[in-house]
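A.B. asks: Here are the chains, one letter per residue:
There are 2 protein chains.
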Amino acid sequence: MEPIRVGVVGVGNMGSAHAKNILDGKVRGMTLAAVCDIEPQKLCWAEENLPGAARFSDYEEMLQSGLIDMVIVAAPHYLHPPMGISGFRHGLHVLIEKPAGVYVKQVEELNAAAKQSGKLFGIMLNQRMNPLYRKARALVQSDALGEPKRCVWIITNWYRTQAYYDSGSWRATWAGEGGGVLLNQCPHHLDLWQWIFGMPKRIRGFCQYGRWHDIEVEDDVTAYAEYENGAAGVLITSTGETPGTNRLEISGDKGKLVLEDGKMAFWELDTPERELCFTSKDGFLTPAAACREILPDGEDTAHIGILQNFANAVLYGEPLIAPGYDGINGLQISNAIHFSDWTGETVELPVDGERFYELLQERASHSRRKEHVVSEISDLQGTYNDRWKSR
Amino acid sequence: MEPIRVGVVGVGNMGSAHAKNILDGKVRGMTLAAVCDIEPQKLCWAEENLPGAARFSDYEEMLQSGLIDMVIVAAPHYLHPPMGISGFRHGLHVLIEKPAGVYVKQVEELNAAAKQSGKLFGIMLNQRMNPLYRKARALVQSDALGEPKRCVWIITNWYRTQAYYDSGSWRATWAGEGGGVLLNQCPHHLDLWQWIFGMPKRIRGFCQYGRWHDIEVEDDVTAYAEYENGAAGVLITSTGETPGTNRLEISGDKGKLVLEDGKMAFWELDTPERELCFTSKDGFLTPAAACREILPDGEDTAHIGILQNFANAVLYGEPLIAPGYDGINGLQISNAIHFSDWTGETVELPVDGERFYELLQERASHSRRKEHVVSEISDLQGTYNDRWKSR
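Protein chains in written order, with full-length UniProt numbering: chain B, 1 to 391; chain Y, 1 to 391.
Read the hints as simulated data drawn from the structure, not as lab findings.
Glycine residues also receive a C-beta, built at the ideal position from the N, C-alpha and C atoms.
What you were told as hints is all true, and nothing was included just to trick you.
A short list of chain B residues far from chain Y (calculated; beta carbon distances all over 10 Å):
(1) R292
(2) E293
(3) E318
Derived lysine to any residue pairs resembling SDA-like cross-links, with alpha carbons at most 25 Å apart:
(4) K263/Y x E268/B
(5) K263/Y x R292/B
(6) K263/B x A289/Y
(7) K263/Y x T286/B
(8) K281/B x W170/Y
(9) K281/Y x R211/B
(10) K281/Y x N13/B
(11) K201/Y x Y209/B
(12) K135/Y x A265/Y
(13) K281/Y x G12/B
(14) K20/Y x N49/Y
(15) K281/B x D214/Y
(16) K281/Y x A163/B
(17) K281/B x K42/Y
(18) K281/Y x G176/B
Based on the sequences and whatever the hints tell you, model everything.
C.D. replies: Set out below in structure tokens:
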């Protein structure tokens, strides 16, 4: 079978990494055909480092070139939906970087375009390849934990200094990025939260804007979520704490699961709690619950795993692990947290996309110009693995 | 010096334990002089088990008897304030069980009566004797952690079965107890939360009523708190999960503290984070933070420790570790959580005591009669130590 000819738009941190991986033959069934960027120096870099790939400064030209079968969209957040839509309109398969977009309204349009095209649609939610999270999901989905009761995720290991925020004019602005930690650092967690535990029914969000840094967007967030079955959830994230924590606790009718420091502990009850509650004559029961460490199956194939799965989906019909359509879920939660904080009210999901867009536009229209931008720095610099170490 | 002659009102779980401890000579400087209960069988028990103590079925008679110098109030929650006030009016020292009361309005009156009397006023917040919590407080107060940033406390190890709630007609009713987990199981934590981390400025509370049990009050609570300095806090508690969690995490400008499973870990930064944030040129800094286990000093003297401290305060002027006046703080938080949930709004502290009382009365007036009450069971049965094991 002919390999899939890939075009990458946005040769920044992520786009260049994907292009290199494909060029280096790390993804069976994919070949790097073209790259596109509006910045000349990125194309110079590509000329040197991505031999054989056609170079475009105009995205539409790359789409129309006939050189590619699929496009990987690794441009800034706001551009993911329109670029994805263009890709579908040109009959290409599309794989977008996370987040799916900045506001759900535009992602609904993206999803509609994908559906209409019939082409494959993926999203780079590479943490879905993390075997610990896969295992946690399997335990929840297989009912090993029983009916879900609570999910508490403390994710404060996203420490950033002011230098990080000073490194790009678009960074941490309403106009340029559309949000802070919720849009930039947290989308993987927001996706995993719902992928593992399900979508909340309503959310009350609390954001602090520029709490730890001289920025206009949120860098400190607490969210309270309620689920259809009455379960409750809390998610806490920040870029202003160090050393941070990454601890996920899920409790259910049959036990409890805790992921921390790259380890997963599972307490399993002999009898489901709901049954004990109404049959025991002992008011202060402390049911036996064996605790064991759950070892994940396999390795974390990360970004390459997502690319390989996408290639297999195109070539052999393998089901997508991270369908592009799922991207809206984490964004729904992100938008709901902002919406709730802006209105001071609990927000039902799905959020009112039109109203959210208006509120976001209001903020974007007042985005201040940054004055102390130093230079672009890589999002992957050094700490990528560390960041996920405690998973 | 003459020993303090103690009268105990309420010979239930806690009252009988205090009386026994004093009778057994476990508190230097206190002697058990009298007990009081409205239930004849409790006085029968006292006749057999508390030899030498005068027995009263009328509280006022005990206060007027001239037999006692101080009273320990271990009656149901609602009675703590009026009984304390009576004690002060009779010129006695007063030590009340927790919670200080059910609504702040009545505790304000209690505090005023205490102040007017000039007598000593204590509250049985025995967890303040727990060396781990004392150490945690010392680290926060001594600025070893630096400016406080966040405090997250998951306290879901208060599991109760339906049998517990069926064991008393007053239990878990608005009229009889005035609340659920916030009033019965959680007052120690609510006190420690503010004792260690300070009083919040505002609170948004989320309660679920009868979520896990056939009761009318809350058995599942999440609270989000904001502090004067911008710090954020979360407290989660429930009586419907097992195995539960008791994990307290406090982060500050100089590090992080985690108490779990009876252990305390302290991550200490070489340089305060706020300084690093604005001086580092590295956007993705991961500052070195040595982690060490903090060993508590001394033993947990618990209830006897509080009694001994009170005796020493009366006899030798030793400062009280748990002044009765502090009791209102945890109750402010508890009332604020209810108030917030009832109104759907964030509540500024101190709460509007009059308005809260009205809303509580509304609920109490609709309290349903319980139909399946089995028999009183001891709050201390078996699991007391287990409950605090993971501190």
